[in-house]
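Line by line, the protein sequences give chains A and B.
Those letters in the first sequence? Residues 27 to 532, per our numbering, in order.
Those letters in the second sequence? Residues 18 to 385, per our numbering, in order.
Please keep in mind that the hints were generated in silico from the structure rather than gathered at the bench.
Among these hints, one or two may not hold up.
Cut-off 25 Å, straight-line C-alpha distance, at most; resulting in silico cross-link-like pairs (DMTMM-like, lysine to aspartate or glutamate) [stated by the list, open to error]:
id : chain 1 : residue 1 : chain 2 : residue 2
1  : B       : K339      : A       : D513
2  : B       : K339      : A       : E392
3  : B       : K151      : B       : E104
Which residues of chain B face chain A? A few of them, derived with a C-beta cut under 10 Å, are [what the hints assert, rightly or not]:
id : residue
4  : G114
5  : H115
6  : Y169
7  : R203
8  : E207
9  : Q252
10 : T277
11 : D278
12 : G342
13 : L359
14 : C363
15 : K373
16 : G374
Quick caveat: nothing in here was measured; it's all calculated off a predicted structure.
Just so it is clear, CB atoms sit at the ideal spot from N, CA and C, and this is done for glycine as well.
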Amino acid sequence: MFSSVLSFGIHGIEGFCVNVEADISDGMPVFELVGYLSGEVREARERVRTSLKNSGYSFPVKRITLNLSPGNVRKHGTGYDLPMAVAILAAMGEIKNDLLKDTIIIGELLLNGEVSGINGVLPMVIKARGMGIKRCIVPAANAAEGAMAGEVEIIGVHDLLETVGYLNGTGNLMPYEVKEAIKSKDPKGVADLKYVKGQLMARRGLEIAACGMHNMLMVGAPGAGKSMLAKCIPTILPPLTKEEALEVSSVYSVAGLLKDGKGLITERPFVNPHHTVTDIAMTGGGAYPRPGNISLAHRGVLFLDEMAEFSRYTLEVLRQPLEDRSITVARNYGTYVYPADFMLIGAMNPCPCGAYPDLSKCTCTEPARRRYLNRLSRPLLDRMDICVDVERLSYVDLLSEQPAESSESVRKRVARAQKIQRKRFCEDGILFNSQMGPDELGKYCRLSSEAESWFVKALEKLDISARAYGRILKVARTIADMDGSDDLKREYLAEAIQLNNSYILN
Amino acid sequence: MEDDIKYDYWWAGMPRCYQGQVKHVAMDAGSTRRLYEMDKAELMTIDGIGEKYADDIIEKRKGWDISGEYDKLVNSGIRFIPWYSSEYPQRLKAIKGHPFALFCLGDFPDDNRLSVAVVGARNCSQYGRMMASKFGTELAGYGVQVVSGMAYGIDGLAQEAALNAGGTSYAVLGCGVNICYPPSNRILYERLKENGGIISEYGLYSKPMASLFPPRNRIISALSDLVLVIEAREQSGSMITVDMALEQGREVAIVPGRITDPLSTGCMKLCKQGAYPVTSAEDIMYILDENFDNSKKSVIRSRVMLTEDEKRIYEVLEPYAKSIGEITDESSVSFRDGIAALVELCIKGLAAETGKGYYVKAKDCVAV
Numbered sequence: 027m028f029s030s031v032l033s034f035g036i037h038g039i040e041g042f043c044v045n046v047e048a049d050i051s052d053g054m055p056v057f058e059l060v061g062y063l064s065g066e067v068r069e070a071r072e073r074v075r076t077s078l079k080n081s082g083y084s085f086p087v088k089r090i091t092l093n094l095s096p097g098n099v100r101k102h103g104t105g106y107d108l109p110m111a112v113a114i115l116a117a118m119g120e121i122k123n124d125l126l127k128d129t130i131i132i133g134e135l136l137l138n139g140e141v142s143g144i145n146g147v148l149p150m151v152i153k154a155r156g157m158g159i160k161r162c163i164v165p166a167a168n169a170a171e172g173a174m175a176g177e178v179e180i181i182g183v184h185d186l187l188e189t190v191g192y193l194n195g196t197g198n199l200m201p202y203e204v205k206e207a208i209k210s211k212d213p214k215g216v217a218d219l220k221y222v223k224g225q226l227m228a229r230r231g232l233e234i235a236a237c238g239m240h241n242m243l244m245v246g247a248p249g250a251g252k253s254m255l256a257k258c259i260p261t262i263l264p265p266l267t268k269e270e271a272l273e274v275s276s277v278y279s280v281a282g283l284l285k286d287g288k289g290l291i292t293e294r295p296f297v298n299p300h301h302t303v304t305d306i307a308m309t310g311g312g313a314y315p316r317p318g319n320i321s322l323a324h325r326g327v328l329f330l331d332e333m334a335e336f337s338r339y340t341l342e343v344l345r346q347p348l349e350d351r352s353i354t355v356a357r358n359y360g361t362y363v364y365p366a367d368f369m370l371i372g373a374m375n376p377c378p379c380g381a382y383p384d385l386s387k388c389t390c391t392e393p394a395r396r397r398y399l400n401r402l403s404r405p406l407l408d409r410m411d412i413c414v415d416v417e418r419l420s421y422v423d424l425l426s427e428q429p430a431e432s433s434e435s436v437r438k439r440v441a442r443a444q445k446i447q448r449k450r451f452c453e454d455g456i457l458f459n460s461q462m463g464p465d466e467l468g469k470y471c472r473l474s475s476e477a478e479s480w481f482v483k484a485l486e487k488l489d490i491s492a493r494a495y496g497r498i499l500k501v502a503r504t505i506a507d508m509d510g511s512d513d514l515k516r517e518y519l520a521e522a523i524q525l526n527n528s529y530i531l532n
Numbered sequence: 018m019e020d021d022i023k024y025d026y027w028w029a030g031m032p033r034c035y036q037g038q039v040k041h042v043a044m045d046a047g048s049t050r051r052l053y054e055m056d057k058a059e060l061m062t063i064d065g066i067g068e069k070y071a072d073d074i075i076e077k078r079k080g081w082d083i084s085g086e087y088d089k090l091v092n093s094g095i096r097f098i099p100w101y102s103s104e105y106p107q108r109l110k111a112i113k114g115h116p117f118a119l120f121c122l123g124d125f126p127d128d129n130r131l132s133v134a135v136v137g138a139r140n141c142s143q144y145g146r147m148m149a150s151k152f153g154t155e156l157a158g159y160g161v162q163v164v165s166g167m168a169y170g171i172d173g174l175a176q177e178a179a180l181n182a183g184g185t186s187y188a189v190l191g192c193g194v195n196i197c198y199p200p201s202n203r204i205l206y207e208r209l210k211e212n213g214g215i216i217s218e219y220g221l222y223s224k225p226m227a228s229l230f231p232p233r234n235r236i237i238s239a240l241s242d243l244v245l246v247i248e249a250r251e252q253s254g255s256m257i258t259v260d261m262a263l264e265q266g267r268e269v270a271i272v273p274g275r276i277t278d279p280l281s282t283g284c285m286k287l288c289k290q291g292a293y294p295v296t297s298a299e300d301i302m303y304i305l306d307e308n309f310d311n312s313k314k315s316v317i318r319s320r321v322m323l324t325e326d327e328k329r330i331y332e333v334l335e336p337y338a339k340s341i342g343e344i345t346d347e348s349s350v351s352f353r354d355g356i357a358a359l360v361e362l363c364i365k366g367l368a369a370e371t372g373k374g375y376y377v378k379a380k381d382c383v384a385v
């Protein structure tokens with residue numbers, strides 16, 4: 027007897043459909059698995075046989091062949107256990123074949139027949155929805171997650187017998203119902219700008235960066251509050267839209283980082299890897315790649331504290347994703363693309379000891395300071411539009427009773443500035459000022475001849491390289507948007523010049 | 018006899034040649050030609066030559082083509098002046114332990130004109146920078162030659178300022194004159210060749226080793242009539258120069274700084290020991306020249322046109338770094354206007370950003 031069951035695998039963060047075919051025929055009793063399988067899929071042989079036996083079925087003493095097609099794509103992961111068992115039962119005639127044609131089955135089996143959760147259910151269901159499939163049988167542990175995709179009936183199963191019962195129409199399993207609609211939460215927690223006292227410059231830089239989604243470098247003495255400020259950035263960005271939440275959750279689902287039964291990720295990610303992180307952990311990789319830090323920071327913030335301490339190579343790999351907003355990882359078994367549209371926030375000391383420019387405390391020599399700053403390569407700095415100083419707080423500021431502006435009210439301004447940008451760029455295929463290329467710069471950053479001549483003179487006098495020209499214009503555009511102004515006035519240009527990072531480059 | 022200078026050139030390139038005894042060794046041997054011809058046993062009879070040194074000398078002779086090497090030197094344009102030459106600076110010749118010979122690109126300081134050594138910290142503050150430029154400019158204005166070591170910081174800045182003001186300046190290096198150290202002062206190095214000179218007692222291609230620098234400081238002080246110290250820590254090369262200057266009977270003057278700055282410790286110590294505190298090059302001229310009369314000349318500070326905000330900001334700027342927050346607080350200019358004003362001041366060259374978000378006064382002017 028022959029049977030076929032639909033299942034799903036994961037390639038990158040995209041699901042792909044896999045046909046699990048089973049055939050039972052007379053001959054020597056063997057259990058053969060084919061279909062370009064990795065080690066953990068091959069091991070399913072024992073899990074399937076034992077769980078069938080422990081669920082009360084007698085494993086047929088016949089020649090059993092299982093094939094996972096397409097045969098030219100490497101399969102890995104443990105989600106094929108359940109479809110394999112179902113395919114064998116169907117081939118044995120224990121399951122009626124008619125329901126199997128348009129039902130996706132995924133899940134890992136335990137030896138006692140129970141079904142346990144797997145990674146990557148959300149992107150699989152999203153893909154299935156795109157293919158017009160109506161029903162997915164997933165482990166009960168992943169039901170909430172899968173249901174977030176919407177439009178697809180999600181059947182959460184606890185064990186093999188329950189699955190068989192559902193397929194045969196004897197059980198009383200109902201599709202999982204989404205208890206609360208997807209609602210992106212306003213971020214809350216300890217990080218909030220209202221707890222940041224003083225720091226006018228840094229707050230201003232933060233807000234401008236958030237408005238135009240500019241990458242930002244913070245320079246300041248140890249203990250000045252750089253990390254605290256960085257943590258506030260997700261709180262002043264507009265909440266995730268539903269599509270964004272699905273994208274982010276897909277990445278986390280593949281990485282196995284979705285909390286059980288929690289469903290979607292609704293807050294903007296904030297990822298801050300330690301400076302000892304490797305380049306592979308940063309970009310994603312491994313024999314079967316997992317999303318790296320930059321993909322986990324998708325639609326959120328990647329914060330690199332002590333940026334000068336990261337290995338040069340780890341930092342350099344960020345350059346391509348910062349341009350493309352995705353990362354392509356090529357490995358033995360295929361090429362994987364992960365989304366990586368993040369805002370890069372770096373923090374570093376002004377010199378190795380951290381006291382510069384206070385020469386009564388700083389013990390660094392000029393060459394040592396230069397060497398320290400030069401650890402950030404020029405091409406990387408070229409991708410960071412904003413550079414601010416974070417001052418060490420005085421006690422006057424620290425003890426001040428005056429409440430600082432809260433993240434919530436800043437967020438409103440950010441949303442307004444971003445709306446202006448969306449409207450402007452609706453035909454350009456970009457969303458934010460930071461993404462402007464030469465064409466858009468020419469279109470939207472025109473200077474009056476008076477401003478132009480002042481700007482050129484300023485760059486010349488301040489010894490700012492021509493490469494900074496575009497960066498400064500983009501930031502000036504954002505500042506103008508925040509003021510609701512169409513014109514790039516001289517004061518906006520001046521502030522953008524102050525915010526540029528050529529102090530480190532020169 | 019005419020060939021002797023070729024042997025002198027060979028001898029001047031000896032390692033350890035800079036040590037005071039070198040000239041005496043040459044004198045003892047009779048001539049450098051004799052040194053070149055002696056065998057090991059003979060060499061070791063000379064006072065100051067041990068076995069190792071004798072081996073070094075023999076080693077150095079190998080593959081050294083006396084005529085060929087000297088021709089190469091002549092063709093390179095680098096001057097080689099042994100101590101007995103009439104071109105050898107008189108000021109230097111007068112000191113004990115003067116170098117056996119000097120290498121020079123450009124000229125030596127004029128013996129008949131005043132010359133002042135300006136020395137100080139490499140890692141100096143903005144105040145030090147301003148003072149180095151000020152004194153370099155003013156000294157050049159009085160026709161004084163500025164001698165220094167072309168280092169980062171005070172040394173290089175004073176020399177650059179003197180050149181910018183149309184004066185002459187001379188750098189004494191702690192390496193061969195054909196090596197530019199520090200490399201970042203390459204432009205200054207080239208300019209000094211044209212409007213002054215690069216001087217060293219070390220053979221060509223000598224690398225800048227730490228041990229070579231203290232002895233070269235004795236040349237800096239010897240070539241000048243007065244040593245001016247701007248920002249020096251208590252343990253520093255500048256203090257060595259001062260020690261040498263006192264030994265050689267040169268005057269010492271200091272530019273006072275804030276007494277709490279670590280960079281002031283050296284200067285304050287010298288001040289207590291009797292060095293002249295000076296506030297302008299005029300003071301130095303009075304020290305060096307008893308007939309000096311400057312009553313006719315008065316220093317005019319340049320005037321600049323500033324907007325109201327810029328003026329208020331400029332007034333609170335200091336030669337030491339202040340953050341944007343401090344500046345806007347003190348000047349009570351609003352934060353955003355303050356930033357715009359600061360950028361304008363930077364463009365006008367009146368302020369400078371020394372660290373991210375930290376500004377200093379870069380030029381002293383009267384704001385109108």
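Tested hints:
no.: 1; hint: K339(B) to D513(A); in the structure: violated (32 Å)
no.: 2; hint: K339(B) to E392(A); in the structure: holds (19 Å)
no.: 3; hint: K151(B) to E104(B); in the structure: violated (32 Å)
no.: 4; hint: G114; in the structure: violated (30 Å)
no.: 5; hint: H115; in the structure: violated (32 Å)
no.: 6; hint: Y169; in the structure: holds (6 Å)
no.: 7; hint: R203; in the structure: violated (15 Å)
no.: 8; hint: E207; in the structure: violated (20 Å)
no.: 9; hint: Q252; in the structure: violated (13 Å)
no.: 10; hint: T277; in the structure: holds (7 Å)
no.: 11; hint: D278; in the structure: holds (6 Å)
no.: 12; hint: G342; in the structure: holds (6 Å)
no.: 13; hint: L359; in the structure: holds (7 Å)
no.: 14; hint: C363; in the structure: holds (6 Å)
no.: 15; hint: K373; in the structure: holds (4 Å)
no.: 16; hint: G374; in the structure: holds (3 Å)
Violated hints for the displayed structure, listed by number in ascending order: 1, 3, 4, 5, 7, 8, 9.
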